[in-house]
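Asker: Position chain H against the provided structure of chain G, taking the given hints into account.
Those sequence lines, one after another, are chains G and H. Be aware that the first sequence starts at 1, since it is given in UniProt numbering, and climbs by one per residue. Be aware that the second sequence starts at 1, since it is given in UniProt numbering, and climbs by one per residue.
Just so you know, the hints here were simulated from the structure itself, not pulled from any lab data. None of the hints are false.
Identical chains blur together in the list; that is why a pair holds if it fits in one copy or across any two.
Derived lysine-lysine pairs resembling DSSO-like cross-links, with alpha carbons at most 30 Å apart: (1) Lys45 <-> Lys262; (2) Lys421 <-> Lys89; (3) Lys421 <-> Lys45; (4) Lys89 <-> Lys262.
In case you want the letters, here they are:
2 protein chains.
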Amino acid sequence: MDKTESILPVALRLGINSRHEPLIFLRSDSPVARSEGFESMSRVKVEVNNKTIIATLLIVYSDLIKPGFAGLSETAWKRLNITEGQRIKLSHAPQVDSLAYIRAKAFGHELNKHQLQEIMRDIVEGHYMDVHLAAFITACANNNMSHEEILYLTEAMVDAGETLTWPGDKIVDKHCVGGLPGNRTSPIVVSILAAKGLTIPKTSSRAITSPAGTADVMETMTKVDLTFEQLKQVVEQHNGCLAWGGSVSLSPADDILISVEKALDIDFEGQLIASILSKKIAAGSKYVLIDIPVGPTAKLRSKESAQALAKQLKATGDEMGLKVKVVLTDGSQPVGYGIGPALEAWDVIGVLKNLNSAPQDLKERSVLLAGELLEHAEVVKPGEGLKEAQRVIESGEAWDKFTQICEAQGGFTEPPVGCCKMNVNAYKTGYIRRINNRLLGRLAKLAGAPADHASGVYMEAKVGDFITEGSTLLAIHSEAPGELEYALEFYNTHKEMIIIEEEL
Amino acid sequence: MDKTESILPVALRLGINSRHEPLIFLRSDSPVARSEGFESMSRVKVEVNNKTIIATLLIVYSDLIKPGFAGLSETAWKRLNITEGQRIKLSHAPQVDSLAYIRAKAFGHELNKHQLQEIMRDIVEGHYMDVHLAAFITACANNNMSHEEILYLTEAMVDAGETLTWPGDKIVDKHCVGGLPGNRTSPIVVSILAAKGLTIPKTSSRAITSPAGTADVMETMTKVDLTFEQLKQVVEQHNGCLAWGGSVSLSPADDILISVEKALDIDFEGQLIASILSKKIAAGSKYVLIDIPVGPTAKLRSKESAQALAKQLKATGDEMGLKVKVVLTDGSQPVGYGIGPALEAWDVIGVLKNLNSAPQDLKERSVLLAGELLEHAEVVKPGEGLKEAQRVIESGEAWDKFTQICEAQGGFTEPPVGCCKMNVNAYKTGYIRRINNRLLGRLAKLAGAPADHASGVYMEAKVGDFITEGSTLLAIHSEAPGELEYALEFYNTHKEMIIIEEEL
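Excised from the complex, chain G in its bound form (with noise of 0.2 Å):
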């Protein structure tokens, strides 16, 4: 029942970012928002140079969309590769089978393999609401799932994405269940595996809810947005890569699970052990190393929770051939001086470089994790590792491999510095009693991180230094003045992110 060309609205874009979810605009009185009957938040098929998206619809009664156009956001336009001009075929929606799944989960039903596989390949296709993927992760939440929806559903991740595939069996990588401000290992460690002739395909996310992500960092330095051929590329060249994992489609439906976690602020452990294993086996790994810092104010806050983790961690990937070691980290502090990008990247650099103004506790998280990693791919001797490391940042080897993946990535740039600093000083005289992950963290993000990458803070102290009342405690770096104020009121109202006392 093709309606005849011309009734058919022109697409418009509109360069509205609507995240994953793609949204289409069309007036009230158009003759297809009347004839289909559709509604505002309707769910409609999109069709054109055979393409097909399904959109949610925004009825628009005023001139913001003109006669016989129909205005598409960002994802809406990409996904379609349309070009201005073009007519396109709108229909509702068809009925999404999957969701059906979901409602079982949702009664307490247990999920099979078919069935996970189905709901990833919905999400992945853009054909679920962020009100189904909510229903999809609350539902999850509440009953814990099972071993073998677990495994499942890492299957299913990996399944409804792309794969990579290395020669040789030392393909490396590392994670840390994040949670820890300035814990930048991970170009320090990819630096020092690559160096030593592992293979170690390392992508990783922008800041969700941080003041930086590793990719964040990264891209005060060099290029992160790789092709899937380009990552290839600088990957067979040098062993290992920096990369953005968002370019790439390495379990695209972990990713899009994640952002509505966010607005949830529901975690689910199943979800979390999936998301974690079905990247790394999408990125070809053999063995992987997975660091939980555990601590007050971590994302794992009890050794016991963080076993229980390791335990699932490790038997799911025994399972899927990956071999999982998990290290337990000190978790009470942020890691480094630098939290937010640019000044994490100087903390990277300064360890690689070996300055002596680099921190220390940085690098030795770094050798220790790259140690680990190595006794783990069995290319040093139980007990070596870390010494092995250790030389490999020393001897400078870390450092040229590092700028040769930036170089290879697209060059490679020092990172920016702010225009505005202002130290804030101690309140009292004594010891760093304790220090609040989340509040430096959403401290960092009101002076501007990481969307501007030279904002953030520098801590001058840590945990168990002694410091005098007037000496500084830590500085605010920002891109603009206002956002120095903003962070200051913060800090001033919420003090008790750096607790000070008399005795230690």
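Answerer: Same frame as chain G, but now just chain H:
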């Protein structure tokens, strides 16, 4: 930390219908987006005229919004009560504390009265995104709510909206647990009860997924979007009204939850109970009759599930001081001939005017319900309700009352008749064996109902009728020829909506 007036963006009315979720459109290069570090889909606090709303942000990278402006959707515009040219203050939305209770429910905890009150208040004040509502609905679906939780939820829904009070004790209402096309007894029952002098402040919904709601049907004959004051006046003058519930704020949290439930297609019994009862309690009713049609394609599919629901409705009503009576009715096929706003209105008029052409099943069901309600409110003796209800119709008193109510609501007009009609003939000779309510409802919607008032389906045969091949089975009515075609194609591919068999 107020910004200077001049950098605040000027509000622009975009005329976009985003239903209950307010949207704000902001240029990526606007000073406030940059200084606040806003991202697409951030929650933003919008302040003007001492009013505050929380809106979802969409970042615009084009000239759709001119520099210095911020676009607002209709919901945002109306809630702020703003005029063109005013400047608005934008900041990050504060954390919504009651989200923690939704998370608690998702992890299986029981909620107390205070927590449910907070959640309902935040829903009504627009503090949640749809994903949060989806999480609440899913969390409640999963672990059946306790009797206390349902009670607290009902109370919280009432408390989060307006309430009506009426003199006297004989305040009655009726409700039908949907799912049956054409089951338009409300206008008739209200007319009978109001004619008998009982107070019946009936508010109804528009269709959400069905081809017509009572508000849509009444709208073909009179004005239904009354203000709170107008509604009170009509009831004070004529004992009853037939208004749209959406324009008076009785249990508004329920309306918002329902719209997300429909998108999820997840219903949970606790919310259904709270939804029905909260509306009636807020409207000031003391005696309520609830019609539960039971049938394979009705909402309730088995007598057992209907009885269980009836028991819960009565128990919860009791504790809230509302006397609930439940009648289980035949839900195996549509009621009356018409399916669609105007076609159902004609059926209602036929019954009230005692026309020979009136559908007898609609009359019988209406007098049954009216009779039960007369007995339930103790205005007639047990066993005398049905006869009395019949008398009120046949004497013309009900029709008089109906027209009085319509006149008071804004004037009575005859329902419209569509331009186009197409008969669908029986595909074989035999008895009508089964009718699928859901498929018939979709057929009427494809013809244009409920948006096109005159569109829909007119049934020429009922279950049990003998019909010869080629004689008329039903007629499709529409306001445009294109829609007839859509509907016909759907009928031709779904003939199982009416099963004809040679033997009964």
